[in-house]
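Colleague: Please model the entire structure based on the sequences and the hints provided.
So the sequences go chain by chain: A and B. Take the first sequence: its letter number 259 is residue 295 in our numbering, and every next letter is one higher. Take the second sequence: its letter number 57 is residue 77 in our numbering, and every next letter is one higher.
For the record, the hints were derived by calculation from the structure and aren't laboratory data. As the structure is a prediction and not an experimental result, all values here were calculated from the model. Among the clues, some could well be false.
Stretch-level coverage of chain B by chain A, calculated; a stretch enters the list once three of its residues show a Cβ under 8 Å from a Cβ in chain A [as the list claims (entries may be wrong)]:
| hint | segment |
| --- | --- |
| 1 | 30–41 |
| 2 | 59–68 |
| 3 | 72–79 |
Each residue gets a CB set at the ideal place from its N, CA and C atoms; glycine is no exception.
So you can see what is in the structure, the chains are spelled out below.
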Amino acid sequence: MEMTLYAATGNLGYGFPEIALENALKCNPAFLGSDAGSCDPGPSCLGTGQGFTSRGAVKRDLRLLVKAGAEKNIPVLIGSAGGSGSDAAVDGLIEILHEILQEEGLRRRVFKIYAEQSHEYLKKKLAEGKIVPLEGARDLTEAEIDASAHVVAAMGPEPFQEAIRQGADIIIAGRATDASIYAAIPLMQGFDPGLVWHASKIIECGAAMAVPKSSDSMLAHIHDDYFILDPPNPEKKVPAANAAAHTMYECPHPYLIHEPSGIIDAGECTFEQITERTVKVMGSKLRPAPYSVKLEGVESLGFRTIAIGGTHDPELISHIDEHIERVKGFLHDRVKNVYPDLADGGYKVKFVVYGKNAVMGISETDDSVGHELGIVIDVISDTQDHADSILSMARTLLMHSNYPNRKCIAGSIAWLFSPSDISVGEVFRFNLNHDILLDDPLEPFRIVEDKEV
Amino acid sequence: MARMDELAYIIRSKNAGPFWFTLDLLFQSEENYLRVKNSGVITKDLMAKLYNRPADIFDIYFFDNAWGIKISYPRTDSAGDFGDTDCYGAQQHAPLLGIEIP
Numbered sequence: 037m038e039m040t041l042y043a044a045t046g047n048l049g050y051g052f053p054e055i056a057l058e059n060a061l062k063c064n065p066a067f068l069g070s071d072a073g074s075c076d077p078g079p080s081c082l083g084t085g086q087g088f089t090s091r092g093a094v095k096r097d098l099r100l101l102v103k104a105g106a107e108k109n110i111p112v113l114i115g116s117a118g119g120s121g122s123d124a125a126v127d128g129l130i131e132i133l134h135e136i137l138q139e140e141g142l143r144r145r146v147f148k149i150y151a152e153q154s155h156e157y158l159k160k161k162l163a164e165g166k167i168v169p170l171e172g173a174r175d176l177t178e179a180e181i182d183a184s185a186h187v188v189a190a191m192g193p194e195p196f197q198e199a200i201r202q203g204a205d206i207i208i209a210g211r212a213t214d215a216s217i218y219a220a221i222p223l224m225q226g227f228d229p230g231l232v233w234h235a236s237k238i239i240e241c242g243a244a245m246a247v248p249k250s251s252d253s254m255l256a257h258i259h260d261d262y263f264i265l266d267p268p269n270p271e272k273k274v275p276a277a278n279a280a281a282h283t284m285y286e287c288p289h290p291y292l293i294h295e296p297s298g299i300i301d302a303g304e305c306t307f308e309q310i311t312e313r314t315v316k317v318m319g320s321k322l323r324p325a326p327y328s329v330k331l332e333g334v335e336s337l338g339f340r341t342i343a344i345g346g347t348h349d350p351e352l353i354s355h356i357d358e359h360i361e362r363v364k365g366f367l368h369d370r371v372k373n374v375y376p377d378l379a380d381g382g383y384k385v386k387f388v389v390y391g392k393n394a395v396m397g398i399s400e401t402d403d404s405v406g407h408e409l410g411i412v413i414d415v416i417s418d419t420q421d422h423a424d425s426i427l428s429m430a431r432t433l434l435m436h437s438n439y440p441n442r443k444c445i446a447g448s449i450a451w452l453f454s455p456s457d458i459s460v461g462e463v464f465r466f467n468l469n470h471d472i473l474l475d476d477p478l479e480p481f482r483i484v485e486d487k488e489v
Numbered sequence: 021m022a023r024m025d026e027l028a029y030i031i032r033s034k035n036a037g038p039f040w041f042t043l044d045l046l047f048q049s050e051e052n053y054l055r056v057k058n059s060g061v062i063t064k065d066l067m068a069k070l071y072n073r074p075a076d077i078f079d080i081y082f083f084d085n086a087w088g089i090k091i092s093y094p095r096t097d098s099a100g101d102f103g104d105t106d107c108y109g110a111q112q113h114a115p116l117l118g119i120e121i122p
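Modeller: Structure follows, in C-alpha cells:
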C-alpha cells in the first residue's frame with residue numbers, strides 16, 4: 037500500500053513554484069492540501085477576522101490548487117482559513133474561491149467547515165466538566181467565556197473525512213490542527229496512524245525543512261511501515277537532520293506532539309538519507325489519549341494608538357527609565373484633568389525602548405545601551421478616540437518634559453512620521469488555554485455544503 | 021572551551037502556542053550534540069541565570085535521534101498581549117549563543 041500526500045506551502049498565500057505542483061501531480065497525490073492559518077501573528081486575526089497574508093497571493097495559490105484538483109479529480113483541503121479559522125475568515129476565503137471558480141468556469145462541490153464556538157455551547161461543556169485547562173492555565177470560568185469576543189476549536193481530521201464522505205471536491209475549513217488537514221484522507225484509507233500523523237506534522241510547513249530555504253511544496257509517500265519525504269521541486273533537497281529537527285518545531289516537547297486523537301511519539305524514529313533529496317522515516321507511533329480539541333479564544337483589550345520616535349541625547353539615554361516613570365506620572369495628572377473617569381484603570385500606557393530591553397523584556401541581562409534609543413509609545417483605552425487623545429498627551433509629555441542637565445529644550449525625541457500618531461484599531465489578547473474533551477469529534481463543528489457555487 | 025554558536029548549527033526560539041516560548045539547539049554532528057549534552061552545562065540553573073526567570077519553569081529535553089536540545093518555558097505575557105514585545109517568540113535565542121562548553 038502507498039499513498040502520496042501533497043502540502044502546497046506552509047501557509048496559503050506564502051507561495052510555491054508551479055514546477056513543484058506540476059511534478060507533484062506526476063506522483064498521483066491522493067489530495068492537495070494547504071494550511072492557511074496560525075496563531076503566531078497573535079490574537080488580532082481571531083479578533084478582527086482579518087488574515088496575515090495578501091488577498092492576491094492567497095488567490096494565486098488557491099487558483100493553482102483548485103485547477104489542479106479539477107484536472108486530476110482529487111480533493112483540495114484547506115485548513116485554518118483566513119489566518120485564524122474564524123467563521124468570518126472561512127467566509128472570506130469562500131468569497132475568493134467563488135471568484136476563482138467563476139473565472140475558471142469550474143463547477144466543484146464545495147464544503148465549508150465552521151469552527152467557531154458559541155458561549156452557550158462552551159458553558160454547557162464547562163458545566164459537564166469537559167473543558168480542561170492545559171499546562172499552566174487555570175480552570176475556565178463562565179465570566180471568561182462571556183468576555184470572549186471569538187472562540188474557535190481546532191478540529192481534528194474527522195470533519196474533513198465527513199465532508200469527503202459527503203462528496204466534497206473542495207473543503208474550506210476553519211481552525212484545524214495543521215496536521216489534521218494532511219492526516220484525514222490517509223487515515224480513512226487505513227494507513228498506520230503513527231506514520232500518517234508524523235508525516236502530516238512534518239509536511240504542514242511545506243518545504244520548510246528543505247534546502248535552499250524558500251516557500252515551497254512537500255510530498256510525503258506513506259507506506260506500510262515507513263514514509264518518504266520528497267520535495268517535488270527538483271532544486272530542493274531534504275537533509276535527514278532537518279527532517280528530524282522539523283519534528284521539534286514550534287512544539288513544547290521535542291518528540292511528543294499532542295493531536296486530537298492521541299500523542300505523536302517520534303522518540304524512537306529513525307531518519308535515513310535515501311537519496312541526496314529524500315529522507316526515509318520509520319518508527320513513528322501514535323499513543324492513545326482521550327479525544328480532545330484545543331480552544332483558542334480572544335477578548336478585547338480596547339483600542340490602541342502608537343507613536344514611534346527615538347533619542348540621541350546622552351543625558352536622556354543615561355536616565356531613560358527614570359524619565360519614563362516621570363512622564364507616566366505627568367500623564368496620569370493630565371488624563372485626570374481631561375478625562376477624570378479614565379485616570380485610574382481607564383487606560384494603559386507603555387514605553388517600549390529599543391536599544392535597551394525591548395526584545396527580551398524581563399529576560400534582558402545585558403545592561404549595555406545603544407548610542408541612540410528607539411521609543412514606541414503604546415496606549416490602549418476603551419475607545420479609539422480616548423486612545424488617540426491619551427497618546428497625544430503622552431507624546432507631548434515625552435517630547436517636552438524636563439530631565440536633569442537637559443540642554444535640548446526644543447524637544448527630546450525625533451518623531452519618525454507625520455502624523456506621528458498611528459491609530460491601530462481594536463486589539464485583543466488570547467484568553468483561553470484549554471481543551472474540550474469530546475465523545476463525538478464532529479460535535480463542535482458545522483459542515484455545510486456551499487450551494488452558491 | 022567552545023561557544024554554543026560554534027557547536028550548534030541552528031539556535032532558534034519560537035512560540036509553542038501563545039503561552040510558551042521554546043528554544044531549540046540543533047547540531048549537525050553527533051559528536052557536537054553529545055559534547056554539549058554530556059558536558060552537563062545545560063541546566064535549569066543556567067537558564068535561570070541567562071533569562072532572569074525562576075529555574076523551575078524551564079523544561080529541558082534531549083532528543084538523541086535528532087541531535088537536538090529543546091528548552092520550553094512559559095511566557096510572562098501571552099503572544100500579542102499588552103506587555104508582550106515578541107509576538108512570534110522568534111528573538112529569545114540570543115542568550116544561548118555565548119554559552120561556553122568544555
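Colleague: Each hint: holds or not?
Modeller: Against the structure, the hints come out as follows:
1. 30–41: Held - the segment 30–41 of chain B has 8 residues with a Cβ nearer than 8 Å to chain A, which meets the minimum of three.
2. 59–68: violated (count 0)
3. 72–79: Per the Cβ count (3), the hint holds.
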